[in-house]
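What follows is each chain in one-letter form.
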Amino acid sequence: MTDFPIESEIAGTVWKIEAAVGDVLEEEDVIMILESMKMEIPVLAPEAGTLVAIHVAPEDTVREGQELVTMRPAT
Amino acid sequence: MSYDEQLRELDARRQAARKMGGAEKLAKRSEQGLLNARSRLDALLDKDSFREVGLLARSAVKADRDTTPADGKVSGFGRVDGRDVAVVSNDLTVKGASSSATNAKKIAYIKSSATKAGMPIVFLGESSGARIPDTMGAESMSQGGADPQQYCRRRETPWASAVLGPCFGSSTWYSCISDFLVMRKGGILAVSSARVTSLAIGEAVDAEELGGWRLHAETTGLIDAVAETDDEALGLIRRFLSYMPAHAGELPPVQADWTAPDAEALLDLVPDQRAKTYDIRKVIRAIVDEDSYFPLKDRFGKAVVTALARLEGRPVGFLATNPFIRGGAMDPDACRKATNFLVLCDSFHIPVILLVDTPGFLVGVQGERKGAPAHIMNMMHALQLVSVPKVSVILRKSYGQAFLNMGGGKNSDEIAAWTTADVSFMDPGIGVSVVHGLNRKDDPEAFDAACEEFRTGTSAYDMASVFGVQEVIDPRETRAFLTRSIATHTNRRTGGLGRRELANWPTYF
Chain A
1 MTDFPIESEI
11 AGTVWKIEAA
21 VGDVLEEEDV
31 IMILESMKME
41 IPVLAPEAGT
51 LVAIHVAPED
61 TVREGQELVT
71 MRPAT
Chain B
1 MSYDEQLREL
11 DARRQAARKM
21 GGAEKLAKRS
31 EQGLLNARSR
41 LDALLDKDSF
51 REVGLLARSA
61 VKADRDTTPA
71 DGKVSGFGRV
81 DGRDVAVVSN
91 DLTVKGASSS
101 ATNAKKIAYI
111 KSSATKAGMP
121 IVFLGESSGA
131 RIPDTMGAES
141 MSQGGADPQQ
151 YCRRRETPWA
161 SAVLGPCFGS
171 STWYSCISDF
181 LVMRKGGILA
191 VSSARVTSLA
201 IGEAVDAEEL
211 GGWRLHAETT
221 GLIDAVAETD
231 DEALGLIRRF
241 LSYMPAHAGE
251 LPPVQADWTA
261 PDAEALLDLV
271 PDQRAKTYDI
281 RKVIRAIVDE
291 DSYFPLKDRF
301 GKAVVTALAR
311 LEGRPVGFLA
321 TNPFIRGGAM
331 DPDACRKATN
341 FLVLCDSFHI
351 PVILLVDTPG
361 FLVGVQGERK
371 GAPAHIMNMM
381 HALQLVSVPK
391 VSVILRKSYG
401 QAFLNMGGGK
411 NSDEIAAWTT
421 ADVSFMDPGI
431 GVSVVHGLNR
441 KDDPEAFDAA
451 CEEFRTGTSA
461 YDMASVFGVQ
471 EVIDPRETRA
481 FLTRSIATHT
491 NRRTGGLGRR
501 ELANWPTYF
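So the protein lines, in turn, are chains A and B. For the first sequence, full-length UniProt numbering begins at 1 and goes up steadily by one. For the second sequence, full-length UniProt numbering begins at 1 and goes up steadily by one.
None of these hints come from the bench; they were simulated from the model. Only a predicted model underlies this, so the values are computations on that prediction, with no experimental measurement involved.
Computed cross-link-like contacts, EDC-like style, restricted to lysine to aspartate or glutamate with a CA-CA straight-line distance of at most 16 Å:
(1) A:Lys38 / B:Asp448
(2) B:Lys370 / A:Glu64
(3) B:Lys441 / A:Glu59
(4) B:Lys276 / A:Glu35
(5) B:Lys19 / B:Glu52
(6) B:Lys441 / A:Glu35
(7) A:Lys38 / B:Asp272
(8) B:Lys282 / A:Glu28
Please model the complete structure; the sequences and the hints are all you need to start from.
Take a look at the structure:
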C-alpha cells in the first residue's frame with residue numbers, strides 16, 4: 001500500500017499537533033488542530049494507519065489543499 | 001403429448017433455468033465468498049416469500065436460447081419485513097447479465113407493476129452492459145429507446161439498489177436513479193468497464209480508480225453506504241426500506257417498540273465554549289430512538305450529516321451541520337448532499353429536522369470553482385419546496401445565509417434555540433475586521449472592544465424576544481420539543497401527506 005497525504009481542507013493556522021510520527025491511528029483519530037474562522041478545527045485520520053511524516057509546525061499558516069502529514073494505510 | 005410428459009418438460013425447463021450459468025461458475029463465486037443472483041434474493045427477502053416472474057424467459061436470439069436462463073436477470077416479487085417489494089437481481093453468470101431485448105421487457109414489467117401496485121423496487125446490480133452483438137446496428141438501437149419514460153423518476157415508490165460486483169450499463173443507470181444505493185467493497189460502478197474504457201481512450205485504467213467504493217463514497221457521493229459483504233449490503237437495503245412508505249400515497253411505517261436515549265449526555269457532548277468543536281453524530285444519537293440512527297453518505301460532504309432515524313417509532317430525517325468537520329462550514333459537496341436528502345424526505349413524507357451549528361458557508365477559491373453559490377441556492381430552493389414538517393434547533397452558531405439554508409426565519413415551521421445559541425450575520429471577530437479594519441494582533445484592546453459590541457444582541461433570548469425562535473430550550477428537552485413540534489405541524493387535512501414538489505427532482509446533484 002502506498003503512503004498518502006492528508007491535505008488541509010481549510011485555510012488557517014496550526015494550533016497544536018496531537019499525534020507523533022510513528023503513531024498508529026484509527027479512522028477519525030485527531031492528528032492536529034487548526035485554528036480557522038475563530039474555531040478549533042480538528043484534522044482527522046481518514047482511515048486507519050501509521051503517521052509517517054508531519055510537514056507543518058504549530059503557528060504555521062496553512063493554505064486550503066496544503067499537505068499537512070503523510071500516512072501509511074494499515075494493511 | 002400426455003400431461004405426464006408435458007409436466008416433466010415443465011419441470012425440466014424450470015430446473016434448467018434455476019441452474020443459472022452452471023455449477024462451475026456458481027462454485028467459483030462461492031469460493032470467492034460471493035452470493036449468486038438467487039441466493040442474494042434469499043438473503044434479501046423474507047423466507048419463502050419470493051415469487052418469480054420470467055423464470056422461463058430467455059434470449060430472443062435463437063443461437064443463445066439454451067445458454068440464457070432467465071435471460072440473466074432474475075425478477076419477481078417478495079416481502080421485506082412482511083411488506084411487499086419488487087426485485088430485479090442481475091445474474092452475472094449468464095452472459096454477464098448483459099442487457100437484451102427479453103430482459104429489458106422483464107425490467108420494464110417489474111417497474112410498471114410495482115409502480116401501479118405501490119411497492120418499492122430493489123435492484124441488485126452486477127452487470128456488464130449491453131449484450132453484444134445483439135445491440136450492434138441501427139435496427140437494434142432504434143428498438144432500445146421504445147420506452148420514453150425508462151429512466152424517468154417520479155418517485156411513486158422508493159427504489160433501493162446495491163452494487164454487488166462490476167456494474168456497467170443497466171445496473172449503473174438503475175443504481176444512479178435509485179433513492180438509496182449501497183456498494184459492496186470490491187464492486188465497481190462506472191459507465192463502462194476498465195477494459196472497454198482502456199480500449200476507447202487508449203490508456204490503462206485501474207478498475208478501483210474508475211469506479212471503486214472509495215471514489216463513490218468520498219469523491220462523487222453517488223453511494224449512500226458501503227458494505228464489506230453481500231449480506232451486509234442486503235441488510236442495509238432492508239434497513240433503508242424500514243424507514244420508507246410502500247408508496248408515495250401513504251406515511252412511513254411507525255415502529256411500536258422504541259427506547260429513548262439518555263438525554264443527560266447532551267450537556268457533555270456539546271461544549272459551551274464557542275471555539276470547541278464536537279461530533280454532531282453523537283448528538284443525534286442522544287436525541288433519537290436507540291439504534292434508529294441510519295446515516296446516508298457519511299463519507300461525503302461531511303460538514304453536514306444526513307441521517308434517517310426515529311422519534312417515538314416515527315421515521316424522521318436529520319439534516320445537521322457537523323462542527324467536527326471544518327467547524328461545520330458547508331462547502332458545495334455538503335450542499336449537494338443536503339439537497340439530495342431534502343428530496344428524499346419530501347418525496348416520501350419524512351419530516352425534516354435541522355440541527356444548526358455553523359459559522360456559515362465555506363468561502364474559498366476551490367468552492368467557487370465548483371459553483372458554490374448555485375449549490376447554496378439549490379439547497380435553499382429545495383428547502384423552500386419541502387412541504388413535510390420542518391423543525392429546526394439552533395445549538396450554537398447560526399450565521400449569515402447559512403442561517404436561512406438551515407431553516408432560519410420562516411424556513412422552518414418551528415425553531416427552538418438552545419441557551420447556547422448565537423445568531424448573527426457573521427462571526428464577531430470577522431465582522432470587526434470587515435467593518436472597522438481592525439486586527440487583533442495590531443490592536444488587541446480596540447479589537448476586543450469592537451468584538452464585544454458585535455457580540456451583543458446575538459443570544460437565544462434576543463432571538464426569542466423578537467419571536468425569531470418560538471422557544472428557548474434546555475438541551476435535554478430537545479427530543480420532547482422535536483416530537484411535539486412535528487406532531488403540531490403535521491398536516492391534518494391530508495393525513496400528514498406533503499405536496500411532494502421535489503419528487504421529480506434528480507437523484508443526484
